[in-house]
Structures are given as structure tokens and as C-alpha cells.
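K.L.:
Quick mapping for you: the protein sequence lines, in order, are chains V and C.
Taking the numbering used here as reference, the numbering of the first sequence is continuous, increasing by one, and the terminal residue is 428.
Taking the numbering used here as reference, the numbering of the second sequence is continuous, increasing by one, and the terminal residue is 327.
Don't read these hints as lab results, they were simulated from the structure.
Glycine included, every Cβ here is placed at the ideal spot set by N, Cα and C.
Incorrect hints may have been included.
Claimed, not checked - To be clear about the criterion: a stretch of chain C counts as covered by chain V if any three or more of its residues have a C-beta under 8 Å from a C-beta of chain V, and this derived list gives those stretches:
1. 70-79
2. 99-112
3. 142-149
4. 203-212
Unchecked claim - Pair ranges (Cβ atoms, derived):
5. Arg280/C <-> Tyr71/V: 49 to 59 Å
6. Glu384/V <-> Pro202/C: 45 to 55 Å
7. Ala104/V <-> Leu73/C: 52 to 62 Å
8. Gln14/C <-> Trp404/V: 27 to 37 Å
9. Trp404/V <-> Tyr208/C: 57 to 67 Å
10. His364/V <-> Leu245/C: 50 to 60 Å
11. Ser295/V <-> Asn113/C: 53 to 63 Å
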Amino acid sequence: MGAITILQGGRLVDPVLGIDTIEDLWIQNDRIIKSESATPKQARVYDVSGCLVMPGFIDMHVHLREPGQEYKETIQSGTRAAAAGGFTGVACMPNTNPVNDCGAVSRFIAEAARDGFAKVYPVGAISKGLRGIELAEYAEMKAEGVVALTDDGMPVVDSQLMRRAMEYASSFGLKIISHAEDPALSFNGTMNEGYVSTRLGLKGIPTISESIMVYREIALAEFVGVPVHIAHVSTRPAVELIRAAKSRGVKVTAETAPHYFTLTDEAVEGYDTHAKMNPPLRSEEDLLAIRGALSDGTIDVIATDHAPHSELEKDIEYDLAANGIIGLETAVPLGFEMVRQGVIDVKRLVELFSSNPAEILGVHTGSLQEGGLADITVVDPEKEFVYAEEAIVSKSVNSPFVDWNLKGKPVLTICEGAVTHDHSGSVE
Amino acid sequence: MVEKESSNSGQAYQFAHKHIFGIRQLSSTDIEHIITTAQSFKEISNRAIKKVPTLRGKTVVNLFMEPSTRTRLSFEIAAKRMSADTFNIAPSSSSATKGESLVDTAKNIEAMNPDAIVVRHSSSGAPQLLAKHIDCSIINAGDGIHEHPSQGLLDMMTIIDHKPSIEGLKIAIIGDIAHSRVAGSDILGFTKMGARVCLAGPATFLPYGVSSLGAEIATTVEDAIEDADVVMALRIQKERQNDPLIPSLREYAIQYGINRSRLKKAKPDVLVMHPGPINRGVEMNPDVADGSWSVILDQVTNGVAVRMALLYLTLGGAKSGQEQTES
Numbered sequence: 001m002g003a004i005t006i007l008q009g010g011r012l013v014d015p016v017l018g019i020d021t022i023e024d025l026w027i028q029n030d031r032i033i034k035s036e037s038a039t040p041k042q043a044r045v046y047d048v049s050g051c052l053v054m055p056g057f058i059d060m061h062v063h064l065r066e067p068g069q070e071y072k073e074t075i076q077s078g079t080r081a082a083a084a085g086g087f088t089g090v091a092c093m094p095n096t097n098p099v100n101d102c103g104a105v106s107r108f109i110a111e112a113a114r115d116g117f118a119k120v121y122p123v124g125a126i127s128k129g130l131r132g133i134e135l136a137e138y139a140e141m142k143a144e145g146v147v148a149l150t151d152d153g154m155p156v157v158d159s160q161l162m163r164r165a166m167e168y169a170s171s172f173g174l175k176i177i178s179h180a181e182d183p184a185l186s187f188n189g190t191m192n193e194g195y196v197s198t199r200l201g202l203k204g205i206p207t208i209s210e211s212i213m214v215y216r217e218i219a220l221a222e223f224v225g226v227p228v229h230i231a232h233v234s235t236r237p238a239v240e241l242i243r244a245a246k247s248r249g250v251k252v253t254a255e256t257a258p259h260y261f262t263l264t265d266e267a268v269e270g271y272d273t274h275a276k277m278n279p280p281l282r283s284e285e286d287l288l289a290i291r292g293a294l295s296d297g298t299i300d301v302i303a304t305d306h307a308p309h310s311e312l313e314k315d316i317e318y319d320l321a322a323n324g325i326i327g328l329e330t331a332v333p334l335g336f337e338m339v340r341q342g343v344i345d346v347k348r349l350v351e352l353f354s355s356n357p358a359e360i361l362g363v364h365t366g367s368l369q370e371g372g373l374a375d376i377t378v379v380d381p382e383k384e385f386v387y388a389e390e391a392i393v394s395k396s397v398n399s400p401f402v403d404w405n406l407k408g409k410p411v412l413t414i415c416e417g418a419v420t421h422d423h424s425g426s427v428e
Numbered sequence: 001m002v003e004k005e006s007s008n009s010g011q012a013y014q015f016a017h018k019h020i021f022g023i024r025q026l027s028s029t030d031i032e033h034i035i036t037t038a039q040s041f042k043e044i045s046n047r048a049i050k051k052v053p054t055l056r057g058k059t060v061v062n063l064f065m066e067p068s069t070r071t072r073l074s075f076e077i078a079a080k081r082m083s084a085d086t087f088n089i090a091p092s093s094s095s096a097t098k099g100e101s102l103v104d105t106a107k108n109i110e111a112m113n114p115d116a117i118v119v120r121h122s123s124s125g126a127p128q129l130l131a132k133h134i135d136c137s138i139i140n141a142g143d144g145i146h147e148h149p150s151q152g153l154l155d156m157m158t159i160i161d162h163k164p165s166i167e168g169l170k171i172a173i174i175g176d177i178a179h180s181r182v183a184g185s186d187i188l189g190f191t192k193m194g195a196r197v198c199l200a201g202p203a204t205f206l207p208y209g210v211s212s213l214g215a216e217i218a219t220t221v222e223d224a225i226e227d228a229d230v231v232m233a234l235r236i237q238k239e240r241q242n243d244p245l246i247p248s249l250r251e252y253a254i255q256y257g258i259n260r261s262r263l264k265k266a267k268p269d270v271l272v273m274h275p276g277p278i279n280r281g282v283e284m285n286p287d288v289a290d291g292s293w294s295v296i297l298d299q300v301t302n303g304v305a306v307r308m309a310l311l312y313l314t315l316g317g318a319k320s321g322q323e324q325t326e327s
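Next comes chain V alone, as it looks inside the complex (with noise of 0.2 Å):
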């Protein structure tokens, strides 16, 4: 008999079991248990009441920094991010120094994510230093822990290379993550190409520079035959594309990350680097249609993208500022902004934080069920807070959300039975 944590009085929901109910929940070690009657002398309880308490979330998509660029971020501090985010699990990009293409900085990547806040599902390199010309080896990437393959941040140019990537990606169970640019239409390109990039005089990144290279996809996809997952969604043109596909039975998936369903291009008047971002923030036209593709299903993820950066590489000319924001503690309640505005409801919300990232990924967890791991995120729905600089748990504070009032906040996070974050204010 181990140490049995109880949440008590919260709304469960989880989609994938078809629950929505004020119930308590059992955890005894690492385990979700059966709840009883009688509460155990040692249990340690937590009012949650208010609360939701859903499978937990998954960042399919995130930035960690480590190995090579520690000064931004670690796996230690982007984890404590994580949890502080409500986050149990991040998927990390292979963008570091070096490039996660071969089995041992996967090791690496998999041993430093031990002592860690949350999961670590390394995702590794399509092609070897991302340089897009040969393919890296996936098998030995897959024995030491990797879950998925993307050259993110570098599209994929080459066609073939891209065929060839997803063939043998399949043979070892693995899915290809598609960073979908085309690199000669963005050229030299700082923020969506639109009226305000005229007005302020910044190179544009049309939005075709996306959307040619998600139909590339989805046309290598269908004729191989194997599943593609789209990143970092922005435009209406790429959810038309996906949409359709999905509906004649491509196995695509695809994220967006909040900020597309929050911010407009506008967000960059000023010249604020902390709204440049690759692919940009985009018009309200496409900002409409990433929120009607999070609602009808045709975007079955969100994931930050979180991308720290330091002042170094943001407080400096907008057109040198590096690409990206940091996005671990903002996400849950920007999520909840489009439960409040009636975009998606509840279920969807788990849908696309846990139960579909889990998925996309196949990694277990995103569910409540008993017997199964303790991945629990807990979020009261109805608590404000303003997300202060001082507060930012990461290592980086490249963020467009820094003072705002958000609403909708990650109470408690729970990975594997132990705590990883706690702002219950319950005692124990």
C-alpha cells in the first residue's frame, strides 16, 4: 500500500473514456486507483473543487534549448515550465547544438530529462544537421527514445528527400513532422505579407509560402501512404488544404499554436520582436479560420511552439530578432479564451491538449482511466492571474502575453503520481 494522493470535488473530463463528472480521483503511487469511500489516515487531499482535472496535457511541440543553447533554455528549467504551464509531457525539437539526428544526443537528451518537471519525448531529425540533404538514422534515434521526425525550423526543400523520409520513417513506426515553408517564396521575409508589413516597411512571408508545402505534404502522404503531421498551422489557406484532405481520408494531423488564435500580424506595429515569430502572426482572416479548424476537427492539436530566446537575440533590429516566443505558460489559459468565446467546449479543449497529442505521438497518456498513469493536469477555470515577467517560470521572457490578464490557470500538475506543480493553495 503506497501513498495515495486523493483530488477531491473536481469536474473530470476525459474524452477518450466519455466522462464529464464532479468525481474525486484516487492516485496511489504512479497509478490512477479506484476511488473510495473511506479517505486513507496518510492520504494527501486537495480541494479541488471549481476545478477541472483532465488526462494530462501534452506539448507536442516545444523548444528546449538543451544541448547548446543552455543560456535560453534546459531541460530543467523548460520542464519547470512545462508543469508551471499545466503540462505533463513536451515533445522536444531537434534543433539544438548538436542536432538530435543521431542516437546519442537522443540519449542525452533522454538522461538530462530524468531529473526533470515533465516527460520529455525527443523528436528527431528528419535529415542529417537539418541540412536537408541525407537522411539521419532514425532507427538507432527510435532504440534510444525519439517519438517523431522533423527538421522544424528548417523546411524540408528537396521533395524526394521528403518521400524518402516518410518511407522509411514508416518501416520503423515512426511519423514525420512537416515544418511546411517554402523557403524561396518566404525569402528574406520577417512578418506575414500583408497590409501592415507595407505599412511598416518589413519583407512579408506570404501565406502561400505555407500552404504550397502543406498540399506538397499531404500529396506526398496520400501517395505513399503514410500519416503527416503538420506544425505550427497559420493560415487559412493550409486549414482549406487540410481540411479537404482529411475529408477524402489522408492520414493528416495538424497543430496550431495560440498565438495564431490570438494575435494578429498587427501585434508586430512597433516593431516588437516578441511578435515575430516563423510562420508569423497572420491576418484575422486566417486567425477566423485557425479557430474554425480548432472547432471542427480539422486541427487536432495545439502546441506552443515555445521558443526562448534571450535579449540578445530579441532586443535588437526587428529584422536580425531571432524567430519565436516562449509559450508553456500561456497556452492552458489562452486555450480557455476559446472555451469562454464558445469556439470549442471542454472536451474538445482535452481533445486537442491531451488526448490527441498522446495519439499523434503514440505515447501513453491522455486519459483518466484506473490502472493507468497519473498524468493529471488541474486547471480552475475561472482564476485570473497576470502573467508578470518577474513570474516566468522559463528561462527566456520572450513573450507577447507578458502582462496580461489571463484567465484560466493551471492549479495543480501531477506527472506519474508525484507533483510537479502546485498552485492549489490546498493543504495537505
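Following the hints, position chain C against chain V.
P.N.:
Using the frame of chain V, we list chain C on its own:
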């Protein structure tokens, strides 16, 4: 020294801009005020002793991170004619070659207490970045492909020298609008002053949604020039690489170059303008550039006056000037 026309209209007008980032921040009243001020300064440049003490003791740093001859020279002459002390920092002499960041360079300059930094930079928004970090006035002398406000103002001043008003004029701008900071400022300024701005150039030269800036896009260069009061040709950049905008300068010259026969479609008293330096025979034929309609050198002369006005107004010269008048 300066008569402010809006001060007659009951509510006292005050020029309220510490920094000049672009035409976008200026109201039509601001623009009129700058031009009126510049007009009053113009005669200083014709005096035997071309110097007034207005900005004596003020320090102006020209931070030019991109090669520039005429704009830098124009700002320097403007500051000197107002008795300000000027210092020039060019890319080759600056710490940028030693890897110092723009913000650090500027902070170091600021530690020496300048009153204004005039900045030219290849990054759009660089003047705003400086203003975020340092305290003195920042004047944009051209940032990336965003704005070149002093050029926009001197263009408007030049038109006003020859026309009763900008309002109601048809102004044609021909060339690479998308990559021209001059066009960025001119379009905003001309439309704010009530002109009808017609743009022409191959589609590769037109930025996304340029009509949102208030300009029209003409189908052909002839349509743009037809009945125009002002025709401005922009410099075609020979050095733009890796982005196939036009096949050759030759084809551009034939299709879009301003020549005599094209100019005949304009009003008889048309003004021909160019921000310089001209690629003769490309965007403009020599006989057009040197013809009686050409005000290209007036633009250069007015540039000094406009920059004197900008320094005077942003450095609070207006205030001390007022005090002098009142005392």
C-alpha cells in the same frame, strides 16, 4: 522667427514630436508647420554668412549605418547652418564592424550627451528601437524599406514651391514602390495633404495592399502620367539580388522609363521629381531629368531647409524661439 499659422486659430498649435520616425506620425497640420518653418529657414542658405545661432550648443550625431552621401551631407549642412555641433559615424568607422550592437552603439553615443541622433539604417524600425533605449531625439534618415520622412517632407515642400497647394493634385510615382522608403513616406505625405497618388510599375514592384496607404494603382505608366501635376520616378536598384523582380534594366527602361513622349500626357506645367541618385536612361531619360519641368535640384536645396526645420522643431528650438519672441 517662425510664424505659426495654427496659433492664429484660437487653439495654440504646438509641435509635439520629440522623434521623427516617419510621415505616418504627422498630421497635415504638422506637415504644414514643418514646411512653413523650412521655408523661413531657406533664405539662410542664400546669405553670405550661412549661419544662425539657433542651435548653438546643441550636439547632433549622424549615425549612418548604411552608405549615404547626400542625405548625410544634407543633415550635416542643416545642423551646421543652425550652429549645432555635428559628428558623423559611418559604418566603416563605427564599432558595428567590431560586433557592437546598434543599441550599445547608441547607448555609448548617448553617454556623451547628444541632443539628437540622426539615424540611417538598413533595418525598418531601427529608429524606434533606438528611441526605446535612449533619451535624446531620434530623427529617421531612412530605415530599411519603411520611411524616409525628411525626403517626403522636402518633396512636399518642393511641390508647394511651384503649386498653390498639394490638395487636389494628381501625383504619379513610377518605379519600385515595394522597396522604396521614399515612396513609403511620399505616399503617406501626399495623401495626407489631399493629393491623388497614382502608382505605376510592374506588379513585382508593387507591395501587398498598397491601396491601404491611400494610393491608386494605374494599369500602365501612361495612365499614371495622364494629366498628372507631378511625375516622380524612383531609383531602380541594380543591386537587388536573388529576387527576380525584373528581367533587365533595359526592358524596364523601355516599358516604364520616363521619356519625353510619356511626359507629354501629363499637364503642361508638370513637375518632374526624382529622389536621386538618378540612373540616367533607366528610370528617367536625361532630357527629362534636365528639362525645364525638372525640380530635382530644388529638391536637394529644400532638403537642407527641411532638415534644419526638423532639427529646430525636435530640439525644442521652437520653444526657445518663442521665448525670444516674447521677451
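K.L.:
State for each hint whether it applies.
P.N.:
How the hints compare with the structure:
no. : hint                              : verdict
1   : 70-79                             : violated (count 0)
2   : 99-112                            : holds (count 3)
3   : 142-149                           : holds (count 5)
4   : 203-212                           : holds (count 5)
5   : Arg280/C <-> Tyr71/V: 49 to 59 Å  : 53 Å, holds
6   : Glu384/V <-> Pro202/C: 45 to 55 Å : 53 Å, holds
7   : Ala104/V <-> Leu73/C: 52 to 62 Å  : 59 Å, holds
8   : Gln14/C <-> Trp404/V: 27 to 37 Å  : 35 Å, holds
9   : Trp404/V <-> Tyr208/C: 57 to 67 Å : 29 Å, violated
10  : His364/V <-> Leu245/C: 50 to 60 Å : 53 Å, holds
11  : Ser295/V <-> Asn113/C: 53 to 63 Å : 57 Å, holds
Checked against the numbered hints listed earlier, the structure breaks hints 1 and 9; every other hint is satisfied.
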